[in-house]
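Student: Given next are the chains, with one letter for each unit.
Number of protein chains: 2
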Amino acid sequence: MEIQTAVTALSALGHPSRLAVFRALVQAGPVGLAAGKVGEITGIAPSSLSFHFKELAHAGLISARHEGRYVIYAAVFDAMNDLLTYLTDNCCGGNPCLPMSTPPCCVESPPATAQDGTE
Amino acid sequence: MEIQTAVTALSALGHPSRLAVFRALVQAGPVGLAAGKVGEITGIAPSSLSFHFKELAHAGLISARHEGRYVIYAAVFDAMNDLLTYLTDNCCGGNPCLPMSTPPCCVESPPATAQDGTE
DNA sequence: TCAATATTTCAATTATATATGAAACATGGA
DNA sequence: TCCATGTTTCATATATAATTGAAATATTGA
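Protein chains in written order, with the numbering used here: chain A, 13 to 131; chain B, 13 to 131.
Hints in this document: simulated from the structure, not taken from any laboratory. Predicted model, so just to flag it, every value in this text is computed and none were measured. Backbone N, C-alpha and C define an ideal beta-carbon position, used for all residues, glycine too. Be aware that one or more of the hints could be misleading.
On the chain B side, residues computed to face chain A include the following (Cβ under 8 Å) [what the hints assert, rightly or not]:
id: 1; residue: V38
id: 2; residue: A40
id: 3; residue: L99
id: 4; residue: N102
id: 5; residue: C103
id: 6; residue: C104
Computed list of chain B residues with no C-beta within reach of chain A, every gap over 12 Å [what the hints assert, rightly or not]:
id: 7; residue: S62
id: 8; residue: A69
id: 9; residue: R81
id: 10; residue: Y82
Starting from the given sequences, assemble the full structure and let the hints guide the process.
Tutor: See below:
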């Protein structure tokens, strides 16, 4: 990962509203949440929310899909995991401090949760 | 961890100079680096560097200790690991996506590297 | 004590990010 | 078609962060 990518992601997350939004989406899992639902959870005004969605999407941390008149946002777990890996990369110059156990969350396999076949 | 703590840390890291500084310190390990050395590595001017050190320290991500006329900065690995944990916390609402394997780096035990007993 | 080195502080300028409300756009249903 | 709902865009005002160079502080060794 290039440093610029990491900086963009970190500074996107470095804002109370956006971190709240992102965490709501992380907790929602790959299924995601409609924009309005996120606004409901976080209490952020629509226009602000849209602004922050754009920042997070630009950083590659969330994705959007349209479903009728709703826009469903979801966390991009690969991006999150890459970021975590980047931060600890080459920790201690590769000397033995503690073995790194990497990708922590939602990699490759979306949860086997029962979903009403709306797609 | 409180959201404000995480925001402060993330926004501290969300800047090219500070991320470069932090990564240099992560790679240096618990031993740390003198301020001047970090400036040398990153090419950041002294006054800027001091500004950014202060931001990182305020976020709890680095610590400073004085050694003669040098100031030695070091990454605070616990803070970093707490931050990583916070981001993935309650991923997918606790539903099985992938088991999280947590603290990745430099926890509890500093590296057993040979250090010339200067302390 | 004096000069050299290492780092921080300060003040001023410049740039960037954020919040806000009104208006625009898109979709779905009556 | 028309209205209600969901979301985004835009313009503006406000606040905050970053860079810079000069000066201040602290430590070391001559």
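Student: A separate judgement is required for each hint: does it hold in the structure or not?
Tutor: Against the structure, the hints come out as follows:
| no. | hint | result |
| --- | --- | --- |
| 1 | V38 | holds (5 Å) |
| 2 | A40 | holds (7 Å) |
| 3 | L99 | holds (7 Å) |
| 4 | N102 | holds (5 Å) |
| 5 | C103 | holds (4 Å) |
| 6 | C104 | holds (4 Å) |
| 7 | S62 | holds (20 Å) |
| 8 | A69 | holds (16 Å) |
| 9 | R81 | holds (25 Å) |
| 10 | Y82 | holds (20 Å) |
Checked against the numbered hints above, the structure violates none of them.
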